[in-house]
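Enquirer: Between the sequences and the hints, there should be enough to build the whole structure, so can you do that?
Which chain is which? The protein sequence lines are A and B, in order.
Numbering of the first sequence is given in my numbering, commencing with residue 1 and proceeding in unit increments.
Numbering of the second sequence is given in my numbering, commencing with residue 1001 and proceeding in unit increments.
These are calculated hints, taken from the structure and not from any lab test.
All values derive from a computational prediction rather than experimental measurement.
Please note that a few of the clues may not be correct.
Listed next, the in silico DSBU-like pairs over lysine-lysine satisfying Cα-Cα at most 30 Å (straight line) [unchecked claim]: (1) A:101 to B:1020; (2) A:78 to A:101; (3) B:1041 to A:69.
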Amino acid sequence: AQSVSQHNHHVILSEAASLELGCNYSYGGTVNLFWYVQYPGQHLQLLLKYFSGDPLVKGIKGFEAEFIKSKFSFNLRKPSVQWSDTAEYFCAVNAAGGYQKVTFGIGTKLQVIP
Amino acid sequence: GAVVSQHPSRVICKSGTSVKIECRSLDFQATTMFWYRQFPKQSLMLMATSNEGSKATYEQGVEKDKFLINHASLTLSTLTVTSAHPEDSSFYICSAREDKQTQYFGPGTRLLVL
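Expert: So, in structure tokens, the structure goes:
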């Protein structure tokens, strides 16, 4: 079974600072990777996903993530955060091939200070 | 994008009563829907996978007689918490699968059992 770890549980940044949220997964086979975001008072939304191909994935709102297979990582990045990026971010993984259940990380709360 | 709704958004009930939560995919057909439970400061925990026209698949440790799932159509799945007790108080989230791997989430239902 796969597992996901997100190292930073709470991150506080000033506006315009660069962001990198760590995500590592544990699974021996091919995986699909996701980042979801939950803004305050709202439901989970898909930020970006990786199935195959270019390991650098671009998502909505200027976010990107890079899949590094050798490190079992899928870190989320944004060059310059805004106050509106304040939210909780969840990394998720499932085994590729057919449908396999998705496993979520514990989430990282990002607080952006104006 | 794909929209998933849940109803009700919050419910308070007395111990021993049953509560039904609806999950609808509004602009796409979902052969598979998922029910999650989210505890405070924890990640989403998959409870069950709901397939249209067939019995739900429950995760280990989830009582199928307590959490009844019905997926009668391609746009509606229901979760009924039977004989609810205070320990069932939680945030219940559904998601619907649009393509092979991507899930879209509902806004969640906050259940409080007194």
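Enquirer: Compare the structure with each hint and give your call.
Expert: These are the hints, each one checked on the structure:
1. A:101 to B:1020: 24 Å, holds
2. A:78 to A:101: 28 Å, holds
3. B:1041 to A:69: 29 Å, holds
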